[in-house]
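Colleague: Going line by line, the protein sequences match chains A and B. Mapping of the first sequence onto UniProt numbering: residues 1 to 669, in sequence order. Mapping of the second sequence onto UniProt numbering: residues 1 to 669, in sequence order.
The set of hints was computed from the structure by calculation and includes no laboratory data. You may find that some hints are simply not true.
It does not matter which identical chain is used: a pair holds within one copy or between any two.
[As the list claims (entries may be wrong)] Straight-line C-alpha distance at most 20 Å; calculated PhoX-like pairs for lysine-lysine: (1) K198 to K408; (2) K198 to K48; (3) K55 to K307; (4) K540 to K602; (5) K249 to K209; (6) K307 to K363; (7) K325 to K48; (8) K310 to K408; (9) K180 to K198; (10) K239 to K578.
Number of protein chains: 2
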Amino acid sequence: MVAAPASLDKLCINSIRMLAVDAVNKSKSGHPGLPMGCAPMGYTLWDKFLNHNPKNPKWFNRDRFVLSAGHGCMLLYALLHLTGYESVTIEDIKQFRQWGARTPGHPETFETPGVEVTAGPLGAGISNAVGLAIAESHLAAKFNKPDFSLVDHFTYVIMGDGCNQEGVASEACSLAGHLKLGKLIALYDDNHITIDGKTDVSFTEDVLKRYESYGWHVQHVSDGNTDVDAIAKAIQQAKEVTDKPSIIKITTTIGYGSPNKSDTAGVHGAPLGEEEAELTRQALGWSYGPFEVPQEAYDQLRQAIDKGAKSEAVWNELLESYRSKYPDESIEFERMLRGELPSNWDQSLPSYTPEDKGLATRKHSQICLGALGPNLPELIGGSADLTHSNYTDIQGETGSFQAESPEKRYLHFGVREHAMAAILNGIAYHGSGLIPYGGTFLVFADYMRGSMRLSALSELGVIYVLTHDSIGVGEDGPTHQPIETIPSLRAMPNMLVFRPGDGNETSGAYKLAIQNRTRPSALCLSRQGMPNQENSSIEKVSFGGYVLEDCEGTPELILIGTGSELYLCVDAAKELTKQGRKVRVVSMPCVELFEEQSSSYKEEVLPSDVRKRIVVEAAETFGWHKYIGLDGDSITMSGFGASAPGGTCMEKFGFTLENVLNTANNLLT
Amino acid sequence: MVAAPASLDKLCINSIRMLAVDAVNKSKSGHPGLPMGCAPMGYTLWDKFLNHNPKNPKWFNRDRFVLSAGHGCMLLYALLHLTGYESVTIEDIKQFRQWGARTPGHPETFETPGVEVTAGPLGAGISNAVGLAIAESHLAAKFNKPDFSLVDHFTYVIMGDGCNQEGVASEACSLAGHLKLGKLIALYDDNHITIDGKTDVSFTEDVLKRYESYGWHVQHVSDGNTDVDAIAKAIQQAKEVTDKPSIIKITTTIGYGSPNKSDTAGVHGAPLGEEEAELTRQALGWSYGPFEVPQEAYDQLRQAIDKGAKSEAVWNELLESYRSKYPDESIEFERMLRGELPSNWDQSLPSYTPEDKGLATRKHSQICLGALGPNLPELIGGSADLTHSNYTDIQGETGSFQAESPEKRYLHFGVREHAMAAILNGIAYHGSGLIPYGGTFLVFADYMRGSMRLSALSELGVIYVLTHDSIGVGEDGPTHQPIETIPSLRAMPNMLVFRPGDGNETSGAYKLAIQNRTRPSALCLSRQGMPNQENSSIEKVSFGGYVLEDCEGTPELILIGTGSELYLCVDAAKELTKQGRKVRVVSMPCVELFEEQSSSYKEEVLPSDVRKRIVVEAAETFGWHKYIGLDGDSITMSGFGASAPGGTCMEKFGFTLENVLNTANNLLT
């Protein structure tokens, strides 16, 4: 590869800047400021360092690049285009932010090959990057051999002031420092501007000192607008520091080149306009028309195509000889990369009969993890400092992923729920077959909801192990008792929310969560025990809802139950049957999957003309009227819980056989 | 006040420790480790520094004390009891964590007078404390005079490793440093233990260096188990540093005194058990029985009663002379303290007719803030760096709350949504009549949901200004387009969720949000414009839902609309009426308030026997079946949005007159 002379550097950098200016102007919407300011660091990184193959964006061993400041996506689109990715043609750039375009307003993995993470909500990208670096480090420890660096790439990030203000980034970067993720390199666009104006209205901390406190290697490039050499030198140095993540603060001018708008909040998120674009052209000495890229810039940047092809070819050769020298490892490695589950992965998932001791579903969950662990080496996860409450450990395994033991797959996230979710997303984004899971109390889903939403949006099969799922939490009281949490997760598109009602349903929920690699799952699990049901099964969970107990003929009443309240429905049905009533019990461990069944199946389970229906769930009623309609009733929660033993809470809030019977009899008369 | 000799210090400290041990043992549930480790700092702070009046927990000028590590609540209950608060008797302590007790498993303001903030979710308390300190600083700047320090108190916090790992605390403490909140003093319980074990499994950053990077004054007390003098000296020094918040890292041993469990995760959240309690008694040289407090300890600590009475009396005298010297200010000050709104507060809220230009409701919101501002001096708020998008400024006012201008009431929170919400809660907890509001994009409610939940639980009248409330966001795409956000907020108990459909409804929403001082409000506001309705009004919003347009006689179809889709219902009704159909339009700006109306009113608006109902709202359907039942239909969202101009999104996702008409006709045939 030929190094570019300074003038060519400038040409390339200005190509990025002007593509951003033109695209935002044409779409009359977007963020030109960041791409204009970050063009030099973007160019330097992509042209001189990034190991990638534009013709195969999914090549496994590529360096990962994350634009954490996702609003500046025209920087990324310009780089993808200029280095030869087919996913972003000049036409795509002209369609910036339009319906159906591959150049949406924030980068989205599912729209544009070459985009590594869906960014937009600030702080998410850098936190995902920590997950990418963890995945790399873990897989390297697992598969590399003294003579084979099969897994060996850097994770680069461009982040802004916004990312550095977000708590999720603080959490993730503190953990990254603890884990000494030496191949994580962040370029911090220090441009002094946020939407509200100068950063000095709210953000005057010493960012590098903070990163130092986390254990990062820190550097500062004072002229990020023109000093390509200084940027390159800093990146090189960061690469050489292998025992710490690195941050390079690069001071830039937002909207660099725009005579009247640079260094103002005005250029952050609004088009320059035709006139200012023209003045910018003049200021940058840019003689090309809108969307015109000088051939020399293409020629320079598209050396990435050859270089990338060669890199991949060399790696493919390496893999080839790894195959012969380490056949077992290579079979597993390649299976994971294909995203295939091992044939026997679910063989040890336990099933239960009513004779088996009734356990808490969090305990069943622990048994499932223990059963899956040995057969599913790609399972990796942990807890946000609640291991012994969430039971997220893989029984039989010891040790955790640490700087000294990256081959281990248990992650201690610390008390950092939001970072946990973002890191799990990052592990999933890595695309190497790893199946990430993470645990906390269900109520703290609220702390990580921003990243759970991104799991759902970006189609990442992350598994959230959310224990202590109701007022059954007991003494910890209302701050720890989820009420609205389950409905709020059910409202989220593409999120599978499981609330299993016994051991079989827990095994079934795990089976589905593992199988669903493009949908995240939220497993809502009890603190307290419950009996195993006669007619539950692993398989039935896949229908989302099913008839657990039935009467002869058409029921006059349907009881719908989930989780720790399912047994109440069963007990009530038995009692009502004795009273001569015709009662059906429907178990509904996953509303989303039930919704996806055929109309005829749904009609079979919940016949339209049986309108007397009662749902029993120790959570907010919200959402259940879809099944109980205007004529049914509910035994649910309508306010917050209280601090008392869990059994007392259940009783005081009406989750008793007596109350189910009374409610049923009221509805039936 | 008499200083205690060292032996008496020890007696008091061990009284705290053993109350915690006994209470947790008796309840068989709870967290003894923190109270045992933090007893020396708790005692030192409360006995030697805290300015409070146990007989009047609401005395305005008291120092605020926040136990951010809320699980250690027995520390707080012990201190409240030992210093003479009537809210925590020895009987209350014996009822620790039981149904109906004033000693719940985490401290809750609404259960126990003397508890300043509801803590439990880690990171919340310290972030609330930043809000308390902001409130103090603002009110001091507003009401104090050279000769009158009417508002003059410290805000003290005890926080643990968990709080220091949570991102919300990072955000809030960075802002606190920026704002130079000199009267905020945090004691950091550095005990090396979290639930997963030693902190070195996940948390090895240099915490004090981080706080230094934020601009805090930092100190370290290396023996927090016994060195009361060192703790006292450090607190004294922190008080003297008035231009920076202070953190004192106090190294302690969790469960100090327990021979076999101290310094282990086992003592964090589980009872010691009878045997270990006995061994602890021996180790501490404690000869008293369970729940027995030596009289000398009471005598020492209950000096707080006299001292507090005197402090309040002195302050009352100060207020008395302030009244005569500054009558206008004192009238305002005391009105605010009583929580009374000024008589004219809502007089300038605008109303509209269809002739008025249709605006975005975020624009109407800005007009409301501008109308309320001059009449409502207690209104204080800002935006998480989206001022010019949320329109959260109070028009006509300049400048913002900064270290140099604490009298200003506009807050630049930076890109820190979660801290914003926690700080708004803190301002509300201050109990001084301030009405806090804060803005961000609706979709980022997910980032602050943990604290929004605490607003709702703790009955804080915080106003959330949440703009860009649907796919109408447009080009920013699905990461920025709320879909499930509105339903997820509606699912939250005690949260008023407003989605106004025009100017009148926006004014009405503000009126109700201001009036509701014990319920938070989420105002969901559009980016894009919509017409003003003929029959909307400020008053009607108080019903939550009302008949906006009606037909003669019983309707055959009811269209239910909210926000930017309301006009579609009105237009469709007109068209359907032309076609001879009998159609009613119900506007539903606040589901929660509608639910609170009488059954007869609800029946009037939505007659049970009119089952053909269609809801039109550009959000997830989840929750609407309560009104459309099993026989209605909906024009809502079932998946994520897309990046394209807002109008295009609306059209592509079916929010068109044509689609409403088709859906109506399908239902009617």
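Colleague: Which hints from the list above does the structure break, by number from lowest to highest?
Modeller: Violated: hints 2, 6, 7, 8 and 10.
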